[in-house]
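A.B. asks: Sequence:
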Amino acid sequence: MSWTPVTWLYVPGDRPERFAKAVASGADVVIIDLEDAVAPAAKDAARQNAVAYLRSRPRTSGQVHVRVNDLATARGRDDLAAVAQVADAVRVPKVESAAVLDTVPGATPVFALLESAAGIVAAREIAVHPRVAGVALGEQDLAAELTVTDEQAMNHLRLQVVLAAAAAGLPPVAMSVHPDVKDDAGLLASCRAGRAIGMFGRTAIHPRQIPLIRQAFRPSEEETARAAEIVAAAERAEAAGVGAVALPDGRFVDAPIVRRARRTLSLARRLTDTA
239 MSWTPVTWLY VPGDRPERFA KAVASGADVV IIDLEDAVAP AAKDAARQNA
289 VAYLRSRPRT SGQVHVRVND LATARGRDDL AAVAQVADAV RVPKVESAAV
339 LDTVPGATPV FALLESAAGI VAAREIAVHP RVAGVALGEQ DLAAELTVTD
389 EQAMNHLRLQ VVLAAAAAGL PPVAMSVHPD VKDDAGLLAS CRAGRAIGMF
439 GRTAIHPRQI PLIRQAFRPS EEETARAAEI VAAAERAEAA GVGAVALPDG
489 RFVDAPIVRR ARRTLSLARR LTDTA
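Residue numbers (this note's numbering): 239 to 513.
You may find that some hints are simply not true.
Claimed, not checked - The following label-pair restraints were derived from C-beta to C-beta distances: (1) A319 / E363: 47 to 57 Å; (2) T341 / A404: 25 to 35 Å; (3) A466 / A283: 43 to 53 Å; (4) A484 / R315: 57 to 67 Å; (5) P347 / G264: 33 to 43 Å; (6) A290 / R464: 10 to 20 Å; (7) A283 / P449: 46 to 56 Å; (8) Q323 / A280: 15 to 25 Å.
Said to hold, decoys possible - Pairs of lysine-lysine residues, derived as DSS-like cross-links and limited to a Cα-Cα distance of at most 30 Å, are as follows: (9) K420 / K281; (10) K281 / K259; (11) K259 / K420.
Keep in mind the hints are simulated off the structure, nothing from the lab. Just so it is clear, CB atoms sit at the ideal spot from N, CA and C, and this is done for glycine as well.
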């Protein structure tokens, strides 16, 4: 069963003193940001900071990705050339076509950020590009471009990306950041709503958001108990040499439901053991 990150933590590239702390925060993936979190005058230094850290970091540390600047700019292309061979993955902003991904050198995994109407329209062709390891939404830029304020309209856009990722065999789409780091209730509610439409995990801008994200994506006791019942029934059917999986209440479930139940139990153990 593949491992999928639940928590992704951004850290500004111009704050190198925070890099190791971010890695130690408990986030599944740390993203050194060279783009939005860094002022233009500090971007060259931020790139140097990222490269220096990635070259010297302990190999036992967790995954570290780098969000580069827009590849339509010289700065973005310089970022990519500098970090592509030392980061665990690169996050490319403002992707609007699959063609831009052909410029990524080497074999470094790429996460394509869809932040515009053009990016959403091209989501399927972007998702199937052989260099793409995952897709994500840049919701604040997207909402600003489209002047969308309605949550149902945003869910329509999110679902298009969720579908494109699933059809391409990519991991589930993680949610965009919740910008209010003190809004715990809003973060939890938003995460649960995203989970309900097929999104999984979330990027964070502060370490204090990490346990809340984990809590929101942890299966409930009812979900876990239901999954355990399904898996137990599947194991009984397998031991008996029968293909049909019957639950104690008489209902039958098929193989996809059993696979989902196994994933639920695995996720519940993972998020409980390291909570």
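A.B. asks: Look at each hint and say if it fits the structure.
C.D. replies: Outcome of the hint check:
no.	hint	result
1	A319 / E363: 47 to 57 Å	violated, 25 Å
2	T341 / A404: 25 to 35 Å	holds, 26 Å
3	A466 / A283: 43 to 53 Å	holds, 52 Å
4	A484 / R315: 57 to 67 Å	holds, 58 Å
5	P347 / G264: 33 to 43 Å	violated, 22 Å
6	A290 / R464: 10 to 20 Å	violated, 49 Å
7	A283 / P449: 46 to 56 Å	violated, 32 Å
8	Q323 / A280: 15 to 25 Å	holds, 23 Å
9	K420 / K281	holds, 28 Å
10	K281 / K259	holds, 21 Å
11	K259 / K420	holds, 20 Å
Comparing the model with each numbered hint stated earlier shows that hints 1, 5, 6, 7 do not hold.
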